[in-house]
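*Asks:* Sequence:
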Amino acid sequence: ILMSHLGRPEGKDPAEDAKYSLKPVATRLQELLPNSKVHFAGDTVGDDAKAKAAALRDGEVLILENVRFNKGEKKGDAEYAAVLAGFGDVYCNDAFGTCHRTEGSMVAVPNAMTGKPKVCGFLVEKEIKFLSDAIAHPTRPFVAIVGGKKVADKIEVIKNLLAICDKVLIGGAMAFTFSLARGGKVGKSYVQPDKVDLAQELMQLGGSKLVLPLDTHCGDDFKGTCNKLTVKSGEIPDDYEGFDIGPETIQAYAHIIKSAKTVVWNGPMGVFEMPPFDAGTRAVAEAIVASGATSIIGGGDSAAAIQDFGLADQVTHVSTGGGASLEMLEGKKFVAVELLDDK
1 ILMSHLGRPE
11 GKDPAEDAKY
21 SLKPVATRLQ
31 ELLPNSKVHF
41 AGDTVGDDAK
51 AKAAALRDGE
61 VLILENVRFN
71 KGEKKGDAEY
81 AAVLAGFGDV
91 YCNDAFGTCH
101 RTEGSMVAVP
111 NAMTGKPKVC
121 GFLVEKEIKF
131 LSDAIAHPTR
141 PFVAIVGGKK
151 VADKIEVIKN
161 LLAICDKVLI
171 GGAMAFTFSL
181 ARGGKVGKSY
191 VQPDKVDLAQ
201 ELMQLGGSKL
211 VLPLDTHCGD
221 DFKGTCNKLT
231 VKSGEIPDDY
241 EGFDIGPETI
251 QAYAHIIKSA
261 KTVVWNGPMG
271 VFEMPPFDAG
281 TRAVAEAIVA
291 SGATSIIGGG
301 DSAAAIQDFG
311 LADQVTHVST
321 GGGASLEMLE
331 GKKFVAVELL
341 DDK
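In my numbering, the protein residues as written are 1 to 343.
I should point out that these hints are in silico values taken from the structure, not numbers from a laboratory.
Some clues are possibly wrong.
Calculated lysine-lysine pairs in the BS3-like style (CA-CA distance at most 25 Å, straight line) [said to hold, decoys possible]:
#1 Lys52 with Lys71
#2 Lys52 with Lys159
#3 Lys149 with Lys75
#4 Lys126 with Lys332
#5 Lys118 with Lys150
#6 Lys209 with Lys232
#7 Lys159 with Lys223
#8 Lys75 with Lys332
#9 Lys149 with Lys50
#10 Lys209 with Lys261
#11 Lys37 with Lys75
#12 Lys118 with Lys50
#13 Lys195 with Lys209
#14 Lys232 with Lys126
#15 Lys71 with Lys37
#16 Lys129 with Lys75
#17 Lys149 with Lys159
#18 Lys150 with Lys19
#19 Lys258 with Lys118
#20 Lys149 with Lys52
#21 Lys188 with Lys129
#22 Lys19 with Lys52
#23 Lys118 with Lys129
#24 Lys37 with Lys74
Note that this is a predicted model, so its numbers are computed, not measured.
All chains, please: the whole structure from these sequences, using the hints.
*Replies:* Have a look at this one:
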């Protein structure tokens with residue numbers, strides 16, 4: 001019996017929510033498992049699910065409707081969880097992307113399965129192994145690359161990585177808040193003025209471990225055909241916006257990555273979806289591959305970028321969990337995983 005979520009259905013408009021149904025998943029799974037009968041239940045814990053779960057024969061598969069269609073999922077409702085728990089004899093969590101959440105299917109269901117085996121699937125095992133090993137027992141030099149938009153989103157990650165890494169390279173729009181903290185000019189670039197103190201604190205904490213961009217590739221409009229300039233960091237003209245790290249930064253970062261034995265990457269260096277501002281992210285991805293280091297790519301945009309560049313099969317591990325991998329890099333433990341049996 002398989003349960004999963006898809007998207008965030010709001011429950012206001014059935015026609016709008018229909019796109020979140022797992023019925024197409026059941027159809028596709030049947031194609032992939034031609035020798036097994038795949039059933040689909042139109043609800044999660046309702047009469048259809050109960051009847052089909054009870055009638056299931058050996059070798060058959062039942063996919064329940066999107067768990068997020070039920071309000072009990074978000075609330076972690078005990079009654080809802082008890083029904084789901086009653087469907088099975090073994091609980092297997094293979095949803096790493098939601099292991100950092102405390103929703104019903106992740107926490108309340110295993111809690112309701114007292115005395116029954118509760119195990120992790122192969123994907124969760126692989127994700128935790130790579131991420132926890134990288135943090136606890138890295139082969140050095142250990143280099144982390146952190147990009148993305150907001151300093152606030154990555155504060156705990158950067159702090160934790162500064163404590164365990166040899167170098168932490170910063171890219172993406174968050175670099176402009178650091179630039180502002182150093183008294184630089186950032187033009188129209190995205191910044192978080194209220195996080196300048198935070199950026200200063202991180203720079204003080206990191207010292208020479210924290211490496212910031214040397215130059216910026218910027219444009220006067222948010223499109224690939226805009227007028228472009230490459231300027232020193234902190235020297236962006238008023239009518240320009242930073243969209244990527246510049247060539248000097250690319251060279252400096254590639255040099256640091258080249259000597260690394262372990263690399264963790266979370267967050268792009270720029271607007272990689274809009275050439276030519278994909279150059280920084282692409283160069284970092286290529287440098288990681290060329291380094292031959294144990295390479296772990298955090299989920300979300302970094303994973304999307306490395307897939308887009310056709311390099312996913314040339315790195316050690318591409319994480320399937322954006323928020324989950326981020327929280328592991330922060331050093332957090334997951335309730336959903338702690339509930340599973342140790343063996």
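*Asks:* Each hint: holds or not?
*Replies:* Cross-check of the supplied hints:
Between Lys52 and Lys71, the direct Cα distance comes to roughly 21 Å. Compliance with the 25 Å bound is thereby established for this hinted pair. Pair hint Lys52 plus Lys159 does not hold up; C-alpha atoms about 49 Å apart against a cutoff of 25 Å. At roughly 30 Å between alpha-carbon atoms, Lys149 and Lys75 are farther apart than 25 Å, so this suggested pair is violated. Between Lys126 and Lys332 the alpha-carbon distance is near 17 Å, which keeps this suggested pair within the 25 Å criterion.
Proposed proximity of Lys118 and Lys150 is contradicted: the alpha carbons are some 37 Å apart, above 25 Å. This hinted pair checks out: Lys209 and Lys232 have alpha carbons roughly 21 Å apart, not beyond 25 Å. Distance hint between Lys159 and Lys223 is unfulfilled; the C-alpha atoms sit about 34 Å from each other, more than 25 Å. At most 25 Å may separate the alpha-carbon atoms for a hinted pair to count; Lys75 and Lys332 meet this at roughly 22 Å.
Note on Lys149 and Lys50: the hinted pairing is violated, with a Cα-Cα distance of about 45 Å set against a maximum of 25 Å. A C-alpha spacing of about 16 Å is found between Lys209 and Lys261, which places the hinted pair at or below 25 Å, so the restraint holds. The hinted pair formed by Lys37 and Lys75 fails the criterion: a straight-line CA distance of about 32 Å is larger than 25 Å. Between the alpha carbons of Lys118 and Lys50 the distance comes to roughly 21 Å, so the proposed pair stays at or under 25 Å and holds.
Proximity of Lys195 to Lys209 is assessed by CA-CA distance (about 20 Å); at most 25 Å being required, the pair is judged to hold. Restraint check for Lys232 and Lys126: not satisfied, since their Cα atoms lie roughly 41 Å apart, outside the 25 Å limit. Taken as a hint, the Lys71 and Lys37 pair is broken in the structure, with Cα atoms around 29 Å apart against an allowance of 25 Å. For the proposed pair Lys129 and Lys75, the alpha carbon gap of about 30 Å is over 25 Å, so the pair is violated.
Between Lys149 and Lys159 the alpha-carbon distance is near 17 Å, which keeps this suggested pair within the 25 Å criterion. Distance restraint check for Lys150 and Lys19: the Cα-Cα separation of roughly 31 Å exceeds the 25 Å cut-off, and the hinted pair is therefore not satisfied. Taking the CA atoms of Lys258 and Lys118, the gap is about 42 Å. The hint is violated against a cut of 25 Å. At roughly 46 Å between alpha-carbon atoms, Lys149 and Lys52 are farther apart than 25 Å, so this suggested pair is violated.
Under the criterion of a C-alpha separation no larger than 25 Å, the hint pairing Lys188 with Lys129 is inconsistent with the structure, at around 42 Å. For the suggested pair Lys19 and Lys52, the alpha carbons sit about 23 Å apart, so the restraint of at most 25 Å is met. Restraint check for Lys118 and Lys129: satisfied, since their Cα atoms lie roughly 18 Å apart, inside the 25 Å limit. Only pairs whose Cα atoms come within 25 Å are accepted, and Lys37 paired with Lys74 is rejected, the gap being roughly 30 Å.
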